[in-house]
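S.K.: Letter by letter, the chains look like this.
There are 2 protein chains.
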Amino acid sequence: MFDIKTELTTNPKEKPAPEELGFGHFFSDHMFILDYTDGVGWHDPRIVPYQPISLDPSAMIFHYGQSVFEGLKAYVTVDNDALLFRADQNFKRLNRSNERLCIPAIDEELALEGLKQLVTVDRDWIPNNPGTSLYIRPFIIATEPNLGVHPSKKYHFIIIMSPSGSYYKEGINPVKILVEEQFVRAVKGGTGEAKTGGNYASALKGQEIASREGYAQTLWLDGKENKYIEEVGSMNIFFKINGIVITPALNGSILPGITRDSMIQVLKFKGIPVEERQISIDEVVEAHQNGTLEEVFGTGTAAVISPVGELKYLDDKMSINKGEIGEISQMLYDTLTGLQYGSIDDTFGWTIRL
Amino acid sequence: MFDIKTELTTNPKEKPAPEELGFGHFFSDHMFILDYTDGVGWHDPRIVPYQPISLDPSAMIFHYGQSVFEGLKAYVTVDNDALLFRADQNFKRLNRSNERLCIPAIDEELALEGLKQLVTVDRDWIPNNPGTSLYIRPFIIATEPNLGVHPSKKYHFIIIMSPSGSYYKEGINPVKILVEEQFVRAVKGGTGEAKTGGNYASALKGQEIASREGYAQTLWLDGKENKYIEEVGSMNIFFKINGIVITPALNGSILPGITRDSMIQVLKFKGIPVEERQISIDEVVEAHQNGTLEEVFGTGTAAVISPVGELKYLDDKMSINKGEIGEISQMLYDTLTGLQYGSIDDTFGWTIRL
Ligand SMILES: Cc1ncc(COP(=O)(O)O)c(C=O)c1O
Ligand SMILES: Cc1ncc(COP(=O)(O)O)c(C=O)c1O
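Protein chains in written order, with my numbering: chain R, 869 to 1222; chain Z, 869 to 1222.
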C-alpha cells in the first residue's frame, strides 16, 4: 500500500455552471504531487489544495523543456459512479515518454492510486451533464535550478483536474482539417511519439495557419518526405477507403493514442477490416477522386471520435461523406461513449469504477 | 527613453569564489522582468531582486513548452570596463524564435536597455579571473493558466545572470564528439532554427548516449536523410578541409549562431577561404581518410572556440590534427577572446562598453 498524505482545502471554490465549462479553464480543489530528488528517488506523494507552484527562475523547465504529460478523463456513469477509462495505459505511456526525455520512471501503481484518491476527494467536481467530464492532466516538470544542459536532478510529478464541457455543443459536427505541407511536427528519431511540451509548441504555427484559413486543426505529414500521413493536432486519424479502415502505423513519430488503440480493438471485435500501415496523402487524394474515400475521423481523449467533413491539401478541398458523420464513426462514437458513461457493458476490461 | 523601475535587494548574496564558479549554478542579486498580457501588450519593465516565480500549475509553460531563450555574456575588459558582445543580435534572434513559437515580439531596444541597466546594477557580479564571465540568460515563458493548445495570452520575459568559470580549466583541450545516427535533434519545417526548450529536451537522449561512451557532445545529422551535418549540442561546427573552412549553411534546422556569424566575418576579413554550404558526414570521413581534414572546431557563446580532437561516426574514430588545437582555431580563439576582453581593437563594431 502507498502512504499518500492528504491535506484538504479549508476554502473550497465555487463550481462553474455546466454551460460555462469549456475546456481547461477551471480547476478542482485539490492536486496530487510527488517529488523527485537525485539520490532519493520519487518521494512524498501527497494530495494538497490546488495552489501555485513556486520555482527558481533558473528551473530547467523554463529553459530546456524537459517535461512530459498525459491527458485522460473521469466520467459520471448512468449509475452515478465515477469512472476512469484505461488510466493504467496513460501511466504506461507517461513512462515511455519519460524514457525518451531522460526523466526517471514513476511507479505506475502509485500514480494510479494517487489519481484514484484525488478523484475520490474531488468527486463532486466531475460534471454530469451529457458529454461533460473531468479532464485529468498528469505532468512532470524538471525543477533543478541550473542552466547546464543535462537531465534535471529534480522533478515534480503533478496531477491537476479540470471540469470540461462537451466537445460537441450541438451534436457531432464534422470538422474541417488543413493538411500542412510546410511546417513539420515531428520526425523519426525525434520526440514525436512522446507526449512532451516541445511537440505542441512546435505545432502552434501550423495551427495558427489552419485557424487563419478557417480550419479547426492541422493534419501533419511525415518530416522526412512530407508525404505520409501522421496525425492531427490532438488526435490520431483514420480513413475508411473502400470498406477498409486504415490508420497510420505507429512509426516512432506519432503519438500512440489510447483511443486509437481502443478503436482498433473495437473494429476488430466487430469484424470490420482495419489496417495499421503507412498511408500517403496521395492515396487519400486518389481515393477521394475515385469516390472510395468513405469516412475520415479522428480519435482522442478530448475529441472522442471526431468526424472530418473536409480535408484541404494544397488547393484541393475534399468534401467527405457530404460533410456528415459516417456509419463507422457513429458506431465508434456510440461504443466509446457508451463504455465511458457506463451505458454499455465493458467486455474489454477497460473501465475502472471508483 | 524607457521607464524601467528598479527595486534593489536589501539582502545581497555572498559571491562565490572564482574557482567554484562552474556553469549556471550561481545567480546574481537582481533580475529583469517584463510582462505580456493579451490586449495590453508587453508592459511593466522592472529590475527586482532575484526571486522565485510563482505560477498556476496549469500555466502553459508546464504543458506545451511555449518558450524561447537566449544566451550571451558580459565580460570585464583589461581596462576594467563591463563589455557586452553583439547583444543586439541576441534580441534579434529572440524575436525570430518568438515568430516561430507564436510568441509576440519584444521591443529589442527595451530589452537591450533593460539588460544594460541590469548589468550595471550587478556589475560586481562579473567575475574577472582569466576566461570567466557573467553568463546572461534572457528567456520568455507562456504563463496563461489554461490547458487549451493555443498560443498563450500571457508571458513573462525575464533576464537572469550567472557568473561562470572558464570553459577551459587547463588551457584549451580539444573535445571528443560523437556523431549521432539514430536520434534526431531537428528537421526542416520544425523548430531547429529557433532557440526553444523543446530542441534541447529532444537532444538530451543523444547527449546521454555520447556521455556514456565518453564523448563530450553530440554532432547532429539532418533529420531527413541522416547524412548532412547540422551542429553540435550547443555550438555550430566548422571543418577545415584542404585549406578551406566549411560550415553547414543555415538551412532552417540549425541555430544561426552569433559566434558562427562573427567567425565567418573574421575569416573573410583575414582572407581565409570560408564556405557556408551543405556538407555530408561522408565528405568529412573521406577527407579524414585522404588526409585533408585539417581542423574541426565548434563555435558558441559558452564554448567560445572549441577544437575537436576526435570525431566518432559509427565504428570509425577519427583523430583530428593529432588531438591538438589547429592554427585557424587558435587564431579565431585569440581574436574572439581579444575582442571580448578588450585587448584587441574592435574594428567590427561588435562590442558595447558600459
Ligand atoms: C498529438 C496527439 N495525438 C493523438 C492524441 C490522442 O491520444 P489519446 O487517444 O490517448 O487521447 C493526442 C491526445 O492526447 C495527441 O495530443
Ligand atoms: C544548438 C546551438 N547551436 C549553436 C549555438 C551557438 O550559438 P551562439 O554562437 O549564438 O552562442 C548554441 C548556443 O547558444 C546552441 O544552443
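Calculated from the structure, these hints are not laboratory results.
Fair warning: there could be bad hints in the mix.
Since the list can't tell identical chains apart, any single copy or any two copies may satisfy a pair.
To be verified - Pairs of lysine-lysine, DSSO-like flavour, derived with a Cα cap of 27 Å:
no.	residue 1	residue 2
1	K1185	K1136
2	K1056	K1095
3	K1095	K1185
4	K984	K1180
5	K883	K1044
6	K1021	K883
7	K1092	K1180
8	K873	K1180
9	K1021	K881
S.K.: Are the hints correct? Go through all of them and say.
M.R.: Evaluation of the provided hints:
1. K1185 x K1136: For K1185 and K1136, the Cα distance exceeds 27 Å both inside one copy (31 Å) and across copies (50 Å).
2. K1056 x K1095: Intra 14 Å, inter 14 Å, cutoff 27 Å: intra and inter.
3. K1095 x K1185: within (17 Å within a copy, 36 Å between copies)
4. K984 x K1180: neither (42 Å within a copy, 49 Å between copies)
5. K883 x K1044: neither (33 Å within a copy, 58 Å between copies)
6. K1021 x K883: For K1021 and K883, only the inter-copy Cα distance (24 Å) is at most 27 Å; the intra-copy one is 37 Å.
7. K1092 x K1180: Answer is both: 21 Å inside a copy and 25 Å across each meet the 27 Å cutoff.
8. K873 x K1180: For K873 and K1180, the Cα distance exceeds 27 Å both inside one copy (52 Å) and across copies (50 Å).
9. K1021 x K881: Between. Shortest inter-copy distance 24 Å satisfies the 27 Å Cα cut-off; intra-copy 35 Å does not.
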